[in-house]
Each structure stands twice: as structure tokens, then as C-alpha cells.
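> Letter by letter, the chains look like this.
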Amino acid sequence: MHVNNEMKVEFLSKSSNESFARVAVAAFVSQMDPTVEELADIKTAVSEAVTNSIIHGYENTMGYVVVTCRIIGDTVEIIVEDKGKGIENIELARQPLYTSRPELERSGMGFTVMETFMDEVEVESEVNKGTRVRMIKKINGSR
Amino acid sequence: MHVNNEMKVEFLSKSSNESFARVAVAAFVSQMDPTVEELADIKTAVSEAVTNSIIHGYENTMGYVVVTCRIIGDTVEIIVEDKGKGIENIELARQPLYTSRPELERSGMGFTVMETFMDEVEVESEVNKGTRVRMIKKINGSR
Amino acid sequence: MQVSFKTRNKTLIAEIEGELDHHTSVEIKDKIDKEINRKQYKNLILDFTKLTFMDSSGVGVIIGRYKNIQKRNGKMLIVNPNPQVNRIITISGVHKIVPVFSDMQGALEEI
Amino acid sequence: MQVSFKTRNKTLIAEIEGELDHHTSVEIKDKIDKEINRKQYKNLILDFTKLTFMDSSGVGVIIGRYKNIQKRNGKMLIVNPNPQVNRIITISGVHKIVPVFSDMQGALEEI
Ligand SMILES: Nc1ncnc2c1ncn2[C@@H]1O[C@H](COP(=O)(O)OP(=O)(O)O)[C@@H](O)[C@H]1O
Ligand SMILES: Nc1ncnc2c1ncn2[C@@H]1O[C@H](COP(=O)(O)OP(=O)(O)O)[C@@H](O)[C@H]1O
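Protein chains in written order, with this note's numbering: chain Y, -15 to 127; chain F, -15 to 127; chain C, 19 to 129; chain P, 19 to 129.
It is worth saying that the hints were derived from the structure and are not from the lab. Errors might be hidden in some of the hints.
To be verified - Taking lysine to aspartate or glutamate and the EDC-like style, the derived pairs with C-alpha atoms no more than 16 Å apart in a straight line are:
#	chain 1	residue 1	chain 2	residue 2
1	Y	-8	F	-10
2	Y	122	Y	21
3	F	67	F	43
4	P	47	F	87
5	P	85	P	128
6	Y	67	Y	43
7	C	85	Y	21
8	P	85	F	89
9	P	28	P	127
10	C	47	Y	87
11	Y	-8	F	-6
12	P	28	P	121
13	P	85	F	-6
14	C	47	Y	89
15	P	93	P	37
16	P	47	F	89
17	F	113	F	43
As the list claims (entries may be wrong) - Computed Cβ-Cβ distance ranges for the label pairs, DEER-style:
#	chain 1	residue 1	chain 2	residue 2	range
18	Y	43	C	121	37 to 43 Å
19	C	101	F	44	39 to 45 Å
20	P	35	C	67	26 to 32 Å
21	Y	85	C	111	17 to 23 Å
22	C	100	P	108	38 to 44 Å
23	P	58	Y	59	44 to 50 Å
24	P	23	F	87	24 to 30 Å
25	P	115	Y	108	55 to 61 Å
26	C	100	F	87	47 to 53 Å
27	P	68	C	101	40 to 46 Å
28	Y	59	P	52	31 to 37 Å
29	F	21	Y	110	45 to 51 Å
30	C	111	F	122	44 to 50 Å
31	Y	76	F	19	46 to 52 Å
All C-beta atoms in this analysis are idealised placements derived from N, C-alpha and C, irrespective of residue type, glycine included.
Start from the sequences and build out the full structure, keeping to the hints where you can.
What follows is the structure, encoded as C-alpha cells:
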């Protein structure tokens, strides 16, 4: 498959970077002429994955979150990675309403939102090594 | 010096990524509460440096441009790097109106704009290795 | 992000402006909880007219406030979410426990 | 980015909307040059009212058009740049050869 364009953004696991990550991905994807709704879907899914790396992956420690974005034809691929504590049971983690941090008022809906707003969501994780979420969405755009 | 926040964005040397680079840096710097003018200065300086890497560094070939952004107290440091053809005579290149590509209607004002809009501009370059432009600006903000 | 308050008898109306994500949720929760405790309001209306973005962190904020209001035997309603926010509310099932109104008038009549 | 044209006798008015950087400059130059050649306009007014951003690539675009207009013994003017754009125009000395007007009326009277 031919990659038409690619970017990678790396940032500290600070919660103030959640909005930065959304804007960066949206600015990059906007060259595909997405609809307002498609762009909102992508921003939301990115927000979920990046927030998870910050809260669950690194908990209260500092580390880097890496977001890679590739445009391949009319499809966008977004990969969110951290080198945080990892997920023991991915199947359980992906279940709606499951959260390991109810005391933080997490809703356990992050993966469900990603799955609803993107066409494909793949999760790879290893305990104490980190987590990699790969999401794909076809952009039909307004044309 | 303590780094308060840091991000790095890497992208293909496509001219459509010039606006992406400006938006990404602006989104990151906006957490410092800059004035409209300070933000415009930074966007313009980033645009100049990134455009140079794309046109002069990589000419018509594909490569990666890397933009690093650090917030250190009330100061922002921005580094734009390429692994392109490099600059033979940096002093000459920095002179107002000097351009090696007049046929592309370049004005030779890129470095002058960076120097005017940022507090410090440092250029390191090696022929056939690449170029690194480091820019610093103090943000007074609207507070 | 900004939270501003209006009141109507025992009802607190919290208008949230900007984006509701994990980063801003901490301050939003804190402000709303303080205001409710300060004047012992019974009901809560979240006015989302000026909310431009929300992710699932917002669901946690809504459910958390809902639990507090339930303890007071009060009612909680959401007013005027934009389409992106509304989809999060629908996907998460929040709308089944916290009814959504398209305008403030309707919400105030319900309370 | 978008370029739209209006005319006034031998004067072409080009309104540029959006951002003028290296990426968009190619299309902007091309559109203006084609329009000038098509109807053999003598004068050119660049209306920057809707131009939100410009870097030094814009300076190249302005100087390049200025050279073409000079060959026709015409006049060239800039109208209503925003503060960011105006600083680029001033730093680069462009305002010394292409006068800047704050409104279209003044520019049309000058031509
Ligand atoms: N990047 C990550 N690193 C470690 N654990 C994660 C990561 N992402 C998700 N998880 C785990 O998966 C669970 C479910 O995630 P999610 O559906 O987004 O809900 P929530 O963030 O509300 O807890 C989290 O509670 C956490 O235990
Ligand atoms: N990243 C770079 N790689 C190689 N050469 C560069 C780079 N940046 C600048 N230069 C050289 O410096 C010259 C002056 O740059 P600048 O002042 O930005 O003007 P312009 O881009 O209009 O030519 C360029 O014409 C080019 O020869």
C-alpha cells in the first residue's frame, strides 16, 4: 500500500497535551477533506487513546506518548503508543463499562468510543512494556 | 533548566505539511497563553524554517522534517531539523535578500523573518548531512 | 474551559464552555461539586450549549454528578449538546438516566 | 486558499482568502498570472482582507507579480493586510515598492 503522507508526534504524558494531540491529528487529517463529523470522530478516538496512555499507561509518572498518522489513499491509520504499564487482560479492558480506575470517575467507555467512531481498532499490549492502539478509518469526505 | 513540557513532530517533506506544522506548534504553545501577536510570530517563524527544509533541504526528494518544541518557564524553544543537502555558507544564507533559488521566486527573506519574530536564531548545518535551526522566544502573554 | 452558574429555586444550572476531556474534567467536577454543596441545591442542569468537545471523561463527570444528585433525591438534566457530544451521550447510555433536552425552557419545565 | 477576481477598467482586483505560504503560492501565482494575461490588465490590486496568514513565500509572490505589472507600465497596490501580514510586508520592504492601502476605496482612487 502506498503511503501518501505521514506524521509522528511525540509528547510528554501530561494531561494538558490531550487537546494538543487532538488538534495535531485533526490538522493533519484535514488535508483529506473530511466532513465535520468524520473529523470529530477522529478527534474523539484520539482523545480516548491518548488519555488512556496518560492515565492508565503512565499513571502518575512521566513518559512519552507517540501518535503516528498515515494517509493511505482514502484511509487514515492512527497509532497511539506508550511504554507504560500495559494491559493484563485486553478482552476485559475492551468491554463496555470496564474500568480499573472507578475512583477517578472513569466510565470504562474509552475503547467502546474508539470502536464506534473508527472502522477498526486493534490493541496490542504487554505488561510493564506498554500498549499500542491501532485505529483505521475510511474518509468519505464531503466530495 | 527545567523543561515543563515537550513535544516532537516528524513529517514528510511535502509542502502540504507546512500548514500542519504551524498548527501543531501553535496548539502546543497555546498552553503558555501567548498573545495573538506572539502566536502569529511563532507560526510565521516555524513556517519559514519548515519551508526551507522542504524546498532547500530536500529539494524535490522525500525526507523527514523534525520539529521539537520545549516549554522552559516562560520561554519556548523550537528546533527545526532536516537531513537534507545542508548549507555551504551560513553567513551568506542568513543575509536579507539572499536566495539560492530566485527561479522559484523565493525572496531570500526567510532567515530575516525568523530573526525578527524570535528572540534568538541559531543555525547549524553540514553539507550533505542536514540543517538544524534553533529558535527561542520569551512569551510574555496577555497576563 | 470555563464553568458559569445560574440558579432557579433549588436548581443549579452549570454552563460549560469549551472542551470537556480528562484534563479539564478535574476542574469542572470540583467547581460543580463546590457550588452544589455551598448552597445545597437539589437539582442540576448541565447546559452544554457552549461545549465544543467531549470524550468519555465527560461521561464519568456526568455519572459522578448524577450519583450526588440522586442522594439528594433531585433531578438531573442535560441541555443542548452538539452532535459530537450527543453521540458520546448516546453511545454510553447516559441519556437513559440523565434526560437530554434541546432547549433550556423544556428542561426548566421538567424540573 | 481561494482566489477570486473582480475588475475595474484596466485593473484586476485579486482577493486572496486563507493562507499564503509556499504550498499555496504556486496556485495563487498561476491563477493571477493567467487572469492578467487573459484580459491584458494593466494594474493589479491584491485584496488581503481575507488573508489570514502569510510568510516570506508571499513576498516572492508579490515581487514576482510586481515585475510583471512593471513591464506593462501598470500600478500595483495592496489592500487591507492584517497585522501579521503587514509585518511581513514591512520587514521585507515590500511596502516601499507596492503601496499598502487600508481600504479599497483609497486604492481605487490612487490607480
Ligand atoms: N494505554 C493503556 N495502558 C494501560 N492500561 C490501559 C491502557 N488503555 C486502557 N487500559 C486499561 O483498559 C481499561 C478500559 O479502558 P477504557 O475503555 O478506555 O476505559 P477508562 O479509560 O474509562 O477506564 C482501563 O481502565 C485500563 O485498565
Ligand atoms: N534547510 C535548509 N537546507 C539547505 N539550504 C537552506 C536551508 N535553509 C536555508 N537554506 C539556504 O539559505 C538560503 C536563504 O534562506 P531564506 O533566507 O529562508 O530565503 P529563501 O527561502 O527565500 O531562499 C536559501 O536560499 C538556501 O540556499
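> Now tell me if each hint is right for this structure.
Hint check results:
1. -8(Y) with -10(F): Holds, at about 14 Å.
2. 122(Y) with 21(Y): OK: residue 122(Y) and residue 21(Y) at ~13 Å, within 16 Å.
3. 67(F) with 43(F): holds (11 Å)
4. 47(P) with 87(F): Since the Cα atoms of residue 47(P) and residue 87(F) sit roughly 13 Å apart, the hinted pair holds (cutoff 16 Å).
5. 85(P) with 128(P): Violated, at about 19 Å.
6. 67(Y) with 43(Y): Within the cut-off at roughly 11 Å; holds.
7. 85(C) with 21(Y): Outside the cut-off at roughly 31 Å; violated.
8. 85(P) with 89(F): holds (11 Å)
9. 28(P) with 127(P): The given pair, whose Cα atoms are some 13 Å apart, holds under the 16 Å limit.
10. 47(C) with 87(Y): holds (13 Å)
11. -8(Y) with -6(F): This hinted pair holds, its Cα atoms lying about 5 Å apart.
12. 28(P) with 121(P): Violated: residue 28(P) and residue 121(P) sit about 19 Å apart, past 16 Å.
13. 85(P) with -6(F): Status violated; Cα separation ~37 Å.
14. 47(C) with 89(Y): holds (10 Å)
15. 93(P) with 37(P): violated (24 Å)
16. 47(P) with 89(F): Roughly 10 Å separates the two Cα atoms, so the pair holds.
17. 113(F) with 43(F): holds (14 Å)
18. 43(Y) with 121(C): 37 to 43 Å: With Cβ atoms ~42 Å apart, the hint holds.
19. 101(C) with 44(F): 39 to 45 Å: Holds, at about 43 Å.
20. 35(P) with 67(C): 26 to 32 Å: Distance hint for residue 35(P), residue 67(C) holds at roughly 30 Å.
21. 85(Y) with 111(C): 17 to 23 Å: Holds, since residue 85(Y) and residue 111(C) (Cβ atoms, about 19 Å apart) stay within the stated range.
22. 100(C) with 108(P): 38 to 44 Å: holds (41 Å)
23. 58(P) with 59(Y): 44 to 50 Å: holds (47 Å)
24. 23(P) with 87(F): 24 to 30 Å: Distance hint for residue 23(P), residue 87(F) holds at roughly 27 Å.
25. 115(P) with 108(Y): 55 to 61 Å: Once the Cβ atoms are compared, 60 Å apart, the range 55 to 61 Å for residue 108(Y) and residue 115(P) holds.
26. 100(C) with 87(F): 47 to 53 Å: holds (49 Å)
27. 68(P) with 101(C): 40 to 46 Å: About 28 Å separates the Cβ atoms of residue 68(P) and residue 101(C), which means 40 to 46 Å is violated.
28. 59(Y) with 52(P): 31 to 37 Å: holds (35 Å)
29. 21(F) with 110(Y): 45 to 51 Å: holds (47 Å)
30. 111(C) with 122(F): 44 to 50 Å: For residue 122(F) against residue 111(C), whose Cβ atoms are near 49 Å apart, the range 44 to 50 Å holds.
31. 76(Y) with 19(F): 46 to 52 Å: For residue 19(F) against residue 76(Y), whose Cβ atoms are near 48 Å apart, the range 46 to 52 Å holds.
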